[in-house]
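Enquirer: Residue strings, one per chain:
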Amino acid sequence: MTAIFENFDLVLQGFLMTLRLLAVGAIGAAVIGIVIAFLRISPVPAMRNIATVYTELVRNTPLTLVFFLIIVVLPVLDFGVDSTIGAYIALSVYTSPFIAEALRSGINGVPLGQAEAARSLGFNFGQTVSLIIMPQAMRMVVPPLINVIIALAKNTSVASGFLVVEMVAISKTLANRHGDQVIGILFGIALLYLVITIPLGLIASYVERKVAVLR
Amino acid sequence: MSSSVLYDAPGPRTRARSRVISFISTAVIVILLGWFIFALGQPRETAGGATLAGLWDPSRWDIALEPVLWQGLLWRGLVLGTLRAAGLAAVLAIIIGVLFALGRMAKNPFIRIPTTVLLEFFRGMPVLLMMLFILLGLKVGDYWAVVWALAVYNGAIIGEALRSGVASLPRGQSEAAASLGFTGMQTRFIIELPQAFRQMLPIIVAQLVVLLKDTSLAYIVAYPELLRVSYQLKDFYGSGRYSFTLFFLTLIIYLIVNLSLSAFARWLARRSGSQAVGATRKGNKKDGPAATPPPGQTGIDTSLLSIGQPDGLTGRTRGENAP
Chain A
1 MTAIFENFDL VLQGFLMTLR LLAVGAIGAA VIGIVIAFLR ISPVPAMRNI
51 ATVYTELVRN TPLTLVFFLI IVVLPVLDFG VDSTIGAYIA LSVYTSPFIA
101 EALRSGINGV PLGQAEAARS LGFNFGQTVS LIIMPQAMRM VVPPLINVII
151 ALAKNTSVAS GFLVVEMVAI SKTLANRHGD QVIGILFGIA LLYLVITIPL
201 GLIASYVERK VAVLR
Chain B
1001 MSSSVLYDAP GPRTRARSRV ISFISTAVIV ILLGWFIFAL GQPRETAGGA
1051 TLAGLWDPSR WDIALEPVLW QGLLWRGLVL GTLRAAGLAA VLAIIIGVLF
1101 ALGRMAKNPF IRIPTTVLLE FFRGMPVLLM MLFILLGLKV GDYWAVVWAL
1151 AVYNGAIIGE ALRSGVASLP RGQSEAAASL GFTGMQTRFI IELPQAFRQM
1201 LPIIVAQLVV LLKDTSLAYI VAYPELLRVS YQLKDFYGSG RYSFTLFFLT
1251 LIIYLIVNLS LSAFARWLAR RSGSQAVGAT RKGNKKDGPA ATPPPGQTGI
1301 DTSLLSIGQP DGLTGRTRGE NAP
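Just so you know, the sequences run in chain order A and B.
Take the first sequence: its letters are residues 1 to 215, numbered as in this note's numbering.
Take the second sequence: its letters are residues 1001 to 1323, numbered as in this note's numbering.
Calculated directly from the structure, the hints in this document are not laboratory data.
Even for Gly, the Cβ is constructed at its ideal location relative to N, Cα and C.
Some clues are possibly wrong.
One side of the interface only, derived from the structure: several residues of chain B facing chain A at Cβ under 7 Å [as the list claims (entries may be wrong)]:
| # | residue |
| --- | --- |
| 1 | I1021 |
| 2 | L1032 |
| 3 | T1051 |
| 4 | A1053 |
| 5 | W1056 |
| 6 | R1060 |
| 7 | S1216 |
| 8 | I1252 |
| 9 | I1256 |
SDA-like, lysine to any residue: derived pairs with alpha carbons at most 25 Å apart [as the list claims (entries may be wrong)]:
| # | chain 1 | residue 1 | chain 2 | residue 2 |
| --- | --- | --- | --- | --- |
| 10 | B | K1139 | A | G161 |
| 11 | B | K1139 | A | V211 |
| 12 | B | K1107 | B | L1032 |
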């Protein structure tokens, strides 16, 4: 563990990179995911199909392969990007279908009776969606969304294999430099990941308890 | 009645409009994809002035006929690399999952609390870090590092799924066992775990799909699985000429394997869903049949599991989350 404290600046740098990957990945994934989610619930069948195909393809491609495509293969074809930007793109693309699915399942999880009741009261489409459906859907969506973010936090580690200097990459460097303290170093890095993931998990369970729609 | 909460069943005018929009959006996508494929196929000038063949040029694809390539990708990469690691890890993960579930449900706090801490620790850290841990810390070689990391991580998640499966069983099950004079362990093994296992089978299978997908992380620790073998083959053939071809073939193999496993998981969820989850669903009649999602998008949402968290809208009972 002492190696961690001695090289605290390095570790901090890696930690910040991980946080940056997490933040940019989450925002990028949210942007793509919201679009896909809307396509997925649209009344037009073709749009639903397009979104479904996208979801299935991306979801069944391993994250390493997405990284590999963007950071190793594309530069060969002259579509190259810098590895950090590549990591942002890879994480955003890979996470987007999970965000879309979480959103969609939240909206579809609202019982049909709610919309029927709203209509029977004479609500129009806008009122039904904004007053009845969305408030319930949003509450149901928060916990699964946070779980997606937690998974994303762990997935940022894959970037270490593609020249991005984040926490796992730092841990490899330190482990090579201090061969006698490998376990301590890795344990310290693991704890830093828990610093990110456990609070998120706590928020998820708090929100789940607090805003759950009782049925 | 429409199947969505958001809009009504369409009338004739809406259907006509929807057909037009369908047609236009499909056309746009087809044109974009076609343009992209065409653009990839164009020969390019490099900075040095040499001309590179387009990506669909036969000179890039002639290796597809070579047995060495397929022997490398399918046998050495997929079977000996990916599937060999994933298979053993899957078996170990289920065993570890049962142990974790038992530990977390133990009456003795000296077993329960350390197990809980350990489980949260394993669930909260990246699989890749765990692989490095085992590879660098325990020095057991890349194969065992990959297998154990995947087994422990997914075991922790399967353990949570099993535990929530047991927790959701009607209390009468264990009371009946107690009335027959079963010991605590007998109740767990003969009565509760088999039911929980059956109920959580879709989640467990979905998690095993995740495990298979995660074997590609082994690429980073240089274990020769499918992606690593594909990368080696690129070096073997020299030059960047085949890099796209090899990547494309690798992607197709991954997609075929993963899509068929996901389809199996969904089929399993649909098949076992009505019987196994029936007990809990019956008490919940007011949602009626409308609440059951259309076929193919099963009730137990495996999508959310594919990233390694068996909770959210799925098998977990409310409020039993992180520590």
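Enquirer: Next step is simple, just say for each hint if it's right about the structure.
Expert: Right, here's what the structure says about each hint:
Interface restraint check for B/I1021: the shortest CB-CB distance to chain A comes to about 5 Å, inside 7 Å, so the restraint holds. Here the hint on B/L1032 is broken, as its CB sits about 11 Å from the closest CB of chain A, past 7 Å. With its C-beta approaching chain A no nearer than about 13 Å, B/T1051 sits outside the 7 Å limit, and its interface hint is violated. Violation of the interface hint for B/A1053 is found here, the shortest Cβ-Cβ separation to chain A being roughly 12 Å, above the 7 Å cut-off.
The restraint placing B/W1056 at the interface with chain A is violated, with a minimum CB-CB distance near 12 Å, outside the 7 Å limit. With a cut of 7 Å, the hint placing B/R1060 at the interface with chain A is violated, because the nearest CB-to-CB distance is about 11 Å. Evaluation of the B/S1216 hint against chain A yields a held restraint, the C-beta minimum of about 4 Å falling below 7 Å. Here the hint on B/I1252 is broken, as its CB sits about 11 Å from the closest CB of chain A, past 7 Å.
Taken as an interface hint, B/I1256 does not check out: its beta carbon lies about 9 Å from the nearest beta carbon of chain A, beyond 7 Å. Note on B/K1139 and A/G161: the hinted pairing holds, with a Cα-Cα distance of about 20 Å set against a maximum of 25 Å. Distance check on the hinted pair: B/K1139 and A/V211 sit about 47 Å apart at the alpha-carbon level, beyond 25 Å; violated. About 61 Å separates the Cα atoms of B/K1107 and B/L1032, which puts this hinted pair outside 25 Å; it is violated.
In the structure shown, a violation is registered for the earlier hints numbered 2, 3, 4, 5, 6, 8, 9, 11 and 12, in ascending order.
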